[in-house]
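Keeping their order, the protein sequence lines are chains A and B. Here the working numbering = 1-based position in the first sequence + 87. Here the working numbering = 1-based position in the second sequence + 3.
It should be emphasised that the hints constitute simulated quantities derived from the structure, not laboratory data. A virtual CB, placed ideally from N, CA and C, is assigned to each residue, including glycine. Please note that the accuracy of each hint is not assured.
[Stated by the list, open to error] Residues from chain B shown here face chain A by an in silico Cβ test under 7 Å; the list is partial:
| no. | residue |
| --- | --- |
| 1 | R176 |
| 2 | E197 |
| 3 | G200 |
[What the hints assert, rightly or not] Taking lysine-lysine and the DSS-like style, the derived pairs with C-alpha atoms no more than 25 Å apart in a straight line are:
| no. | chain 1 | residue 1 | chain 2 | residue 2 |
| --- | --- | --- | --- | --- |
| 4 | A | K215 | A | K160 |
| 5 | A | K160 | A | K94 |
| 6 | B | K307 | A | K215 |
| 7 | A | K164 | A | K281 |
| 8 | A | K231 | B | K308 |
| 9 | A | K164 | A | K93 |
| 10 | A | K114 | A | K160 |
| 11 | A | K231 | B | K307 |
| 12 | A | K302 | A | K281 |
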Amino acid sequence: MVLELKKITKNFGGISALKDVSFSINKGEIFGLIGPNGAGKTTMFNMITNIYEPTSGEIIFNGENITALKPYKITEKGICRTYQNIRLFSQMSTLHNVMVGGHSQSQSGVFSSVFRTKAQRKEEQLLKEKAEELLDLVGLLEHKDTIAENLAYGQQRRLEIARALASNPSLLLLDEPAAGMNENETDSLYDLIKTVQSRGITVLIIEHDMPLVMKLCDRIAVLNFGEKLAEGTPDEIQNNEAVIEAYLGKEEDEVDA
Amino acid sequence: MLGEILNTYYLQIGSFILINIMLAISVYVPLSSGQLSLGSAGFMGVGAYTSALLTIHFDLPIFVGVIAGALAASILGVIVGIPSLRLSGVYLAIATLGLGEVIRVIFVNWDSLTKGSVGLTGIPQLGREILEFSRGLGFEPAMIGIRNNQFVFLSIFLVLLILVIAILWFVIRQQNSRVGRALQSINMDDRAAESMGINITHYKVVAFTQGAFFAGLAGALFAHVIGYISPADFSYHRAVEVLIFTVFGGSEVIIGSVFGAFFLTLMPEVLRFVSEFRYIIYGILLVVLMAVRPQGILDANLLKKFKFKRSKGGVR
Chain A
88 MVLELKKITK
98 NFGGISALKD
108 VSFSINKGEI
118 FGLIGPNGAG
128 KTTMFNMITN
138 IYEPTSGEII
148 FNGENITALK
158 PYKITEKGIC
168 RTYQNIRLFS
178 QMSTLHNVMV
188 GGHSQSQSGV
198 FSSVFRTKAQ
208 RKEEQLLKEK
218 AEELLDLVGL
228 LEHKDTIAEN
238 LAYGQQRRLE
248 IARALASNPS
258 LLLLDEPAAG
268 MNENETDSLY
278 DLIKTVQSRG
288 ITVLIIEHDM
298 PLVMKLCDRI
308 AVLNFGEKLA
318 EGTPDEIQNN
328 EAVIEAYLGK
338 EEDEVDA
Chain B
4 MLGEILNTYY
14 LQIGSFILIN
24 IMLAISVYVP
34 LSSGQLSLGS
44 AGFMGVGAYT
54 SALLTIHFDL
64 PIFVGVIAGA
74 LAASILGVIV
84 GIPSLRLSGV
94 YLAIATLGLG
104 EVIRVIFVNW
114 DSLTKGSVGL
124 TGIPQLGREI
134 LEFSRGLGFE
144 PAMIGIRNNQ
154 FVFLSIFLVL
164 LILVIAILWF
174 VIRQQNSRVG
184 RALQSINMDD
194 RAAESMGINI
204 THYKVVAFTQ
214 GAFFAGLAGA
224 LFAHVIGYIS
234 PADFSYHRAV
244 EVLIFTVFGG
254 SEVIIGSVFG
264 AFFLTLMPEV
274 LRFVSEFRYI
284 IYGILLVVLM
294 AVRPQGILDA
304 NLLKKFKFKR
314 SKGGVR
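So here's chain A without its partners, still in its complex pose:
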């Protein structure tokens, strides 16, 4: 097991965004987290990366309790994420964005940087090569000197994935990577995520594009109003009564979907 979420609860004031949610993710799988808007999916990502601390519950990563670690420490442990509303370093070049992603994989400080020691130059060269390799992987190598905010929307999403991969994660969290993408872009995103999986990286993905989720994921958990509704393979989820009800509404209930 790579990641284990144990009875995660998060309250914001009097409102509970997550209630006793538990699930675990196996090494090397692609795990989908789905549910209607406001179900608590992104909140769950923010717990895992400790942007918020859970009100109660534990997060275990590779056997270690990471619930209270600082976000940058969690990245050092091998978890990296993308954001639902793209958060690139918008004034920086594409290449430099990915090189910042490699921050936890390098260690030059102020003095070695200013005096350009041999070790620093070598490290800088390696960071650059690694970044170019990742840009090639996501198909952005020809845009490496473009300022990030000038990239097309789909390209920005792919750049975010490359930046996250630069931290050499063993678990990659993707928050709605297909949002706003057309069919072709979604297809190549599918290939990209499969390639990421083939490199031995476990993927946890939030996504609303159901055909993509069903095709891509090995297992899926469904959240609804902060509670786990179901967990299982794509086939099991598609035939689960409670899930169908949450997405389509009860047959008798004409008012609300």
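Take the given structure of chain A and dock chain B to it, following the hints.
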């Protein structure tokens, strides 16, 4: 021959420009990681008083005093930095402005040490010390055909010039490295930066402390160039003036701070012929600039265009 060219008045203005460039950089460095610090006047004062008192009372050489002054300012930077970097934006600006005022009030009231608002006089002068040192080596200004006071001003100017070049070299090299990219990423999106594995508190303290160091260095040098300091030299007017250098010149690129300090220090001198109108012109210029070019005179795009034109010209 050299004696006819060297004008001590111009050299002195040049020296003030160089000190102001250091101060502008002391604002630029924290700002490049997204921290608006108005503590530069306070840190400058700590550097100036530390160095002045050490050289007056303990007869230390000026360069030891200057280093001690800059270090004292940066130690204060670390102490104040760690708690106050939880603040950001205008809140940090106000906290650091408050810090500067606290320091100034301490200078005013600690009579036994600082001589209160009268200030410190008889601070050893950098130029005189260099002159004496050169004489000790058997060198006389007359040997290169300049008068003693020309040599004094020239040596100050050159020392400051070397220091400014060293600081620029340091900051630019740092910018083009892992550390620089970390600072820029914090400036652009601190939350994303943190989830890329960057310890943002660490880098913010580094940038803030470097700013304090440069301000302390500039303050210590200021004391030894002028020979006289009082708390009024380090009031919040100074902090705002220094901020204007950086914002006017363009706070996105380091060359903007250099240009801002250069232009705004020189301008009142050039405009001396319109005497009482010169600060009105200065004010109008600032208002117009902020309306037309809020990012300052120089920015990355302008520099890129300039470079592009130059390289195209080279091909032809």
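Hint-by-hint comparison with the structure:
1. R176: holds (5 Å)
2. E197: holds (5 Å)
3. G200: Since chain A brings a Cβ to about 3 Å from B:G200, closer than 7 Å, the hint holds.
4. A:K215 <-> A:K160: Distance ~23 Å between A:K215 and A:K160 Cα, so the pair holds.
5. A:K160 <-> A:K94: Status holds; Cα separation ~22 Å.
6. B:K307 <-> A:K215: Measuring from Cα to Cα gives roughly 22 Å; hence the hint holds.
7. A:K164 <-> A:K281: It holds: about 23 Å lies between the C-alpha atoms, which stays within 25 Å.
8. A:K231 <-> B:K308: The hint holds at about 19 Å.
9. A:K164 <-> A:K93: The given pair, whose Cα atoms are some 19 Å apart, holds under the 25 Å limit.
10. A:K114 <-> A:K160: Roughly 21 Å separates the two Cα atoms, so the pair holds.
11. A:K231 <-> B:K307: Holds: A:K231 and B:K307 sit about 17 Å apart, inside 25 Å.
12. A:K302 <-> A:K281: Holds, because 11 Å separates the two Cα atoms, which is no more than 25 Å.
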